[in-house]
Amino acid sequence: GFSYVDLVEGLRDGRFYALKRILCHDKEDRQAALHEVEMHGLFDHPNILRLVAHCMVEKGAKHEAWLLLPYVKGGTLWREVEALREKGTFMPEQRILLILHGICRGLQAIHSKGYAHRDLKPTNVLLDEDDQPVLMDLGSMNQARIEVNSSREAMAVQDWAAQRCTISYRAPELFTVPSQCIIDERTDIWSLGCVLYCMMFGEGPFDAIFQKGDSVALAVQSPIVFPPTTRYSAALQRLLSSMMTVNPQERPSIDDILHHLEGLQPALAGQDTTQI
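Here full-length UniProt numbering is used: the first residue of the sequence shown is 1, the next is one more, and so on.
Hint data in this document are derived by calculation from the structure and do not stem from the laboratory.
Given the structure is predicted, the values throughout are model-derived calculations rather than measurements.
It is possible that part of the hints are untrue.
[To be verified] Ranges of calculated distance between the beta carbons of each label pair, as one might list FRET restraints:
| hint | residue 1 | residue 2 | range |
| --- | --- | --- | --- |
| 1 | 263 | 156 | 18 to 26 Å |
| 2 | 143 | 225 | 15 to 23 Å |
| 3 | 150 | 87 | 47 to 55 Å |
| 4 | 12 | 59 | 32 to 40 Å |
| 5 | 225 | 11 | 52 to 60 Å |
| 6 | 19 | 249 | 21 to 29 Å |
| 7 | 150 | 249 | 43 to 51 Å |
Built from N, CA and C at the ideal position, the CB exists for glycine as well.
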């Protein structure tokens, strides 16, 4: 269903919250909204948005699912990227590494439970008051491992991805799903690469292609070409290349990426225990 988000104030505590209202036109919409609630219930993690409360409201023949979420004042990562681009400046590497690390911690929690986010993008990453990234919009999340054994199943996965996974952040294997394959959590690694690219270059790698009306499905099948830059280290650019490998089997796991990140910035390794 379609959703609205309102800023609301708690009567008891005077705190601000975000109230997400999902319009449910039929049983399928209601199930999708309840699925999102269920996904929130799996996690208690600083890098995943928590669900404060939820209920289903009947409005005549229609229903609305109300999800009460913490209000995160910092706004989205996309908002920060846009603000920097408007100023003609770029995000410093240290800040990119810090944000990327938090996103990876959230993804690690999701992947370790056998799920995948499936719609990771800068508008689905919030930055809290401590500058920690928080993953939101868990509505597209599902079991990480999807076995495809026929062309009919392949088409069903492809159609689902077309509805639930934002086109310019969607992994190549979701555009043309083979009739015999396994789709897994490495779709998120591709999207993570697109988010990293966006932090480095001010827009997603396929945003311009999509806006021009050209084929993203075609563009994602070719090796990615990065704008020449001396702003960022060769190690960070190599990490980006590894995430955006067309063949999912060759992409690193989230644990590999975290290990690599902690090598790039040793201070990150102890971040969860001490923050000075």
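Practice problem: Starting from the hint 15 to 23 Å, judge whether the C-beta atoms of residue 143 and residue 225 obey it. | Solution: Between residue 143 and residue 225, where Cβ atoms are some 34 Å apart, the hint is violated.
Quiz item: Honestly, do residue 150 and residue 87 meet the 47 to 55 Å range at C-beta?
Solution: Once the Cβ atoms are compared, 51 Å apart, the range 47 to 55 Å for residue 87 and residue 150 holds.
Self-check item: Assessment of proposed distance window 21 to 29 Å (beta carbons of residue 19, residue 249)
Solution: Given about 42 Å between the Cβ atoms, the range is violated.
Self-check item: Pairwise beta carbon distance, residue 225 to residue 11, judged against the given window 52 to 60 Å
Solution: With a Cβ separation near 54 Å, residue 225 and residue 11 satisfy 52 to 60 Å, so the hint holds.
Quiz item: Lying within 32 to 40 Å: is that true of the beta-carbon distance residue 12 to residue 59?
Solution: Violated, at about 25 Å.
Quiz item: Between residue 150 and residue 249, does the beta-carbon spacing fit 43 to 51 Å?
Solution: At 21 Å between Cβs, range violated.
Self-check item: Cβ separation of residue 263 and residue 156, checked against the hinted range 18 to 26 Å
Solution: violated (40 Å)
Consistency note: the structure conflicts with the earlier hints numbered 1, 2, 4, 6 and 7.
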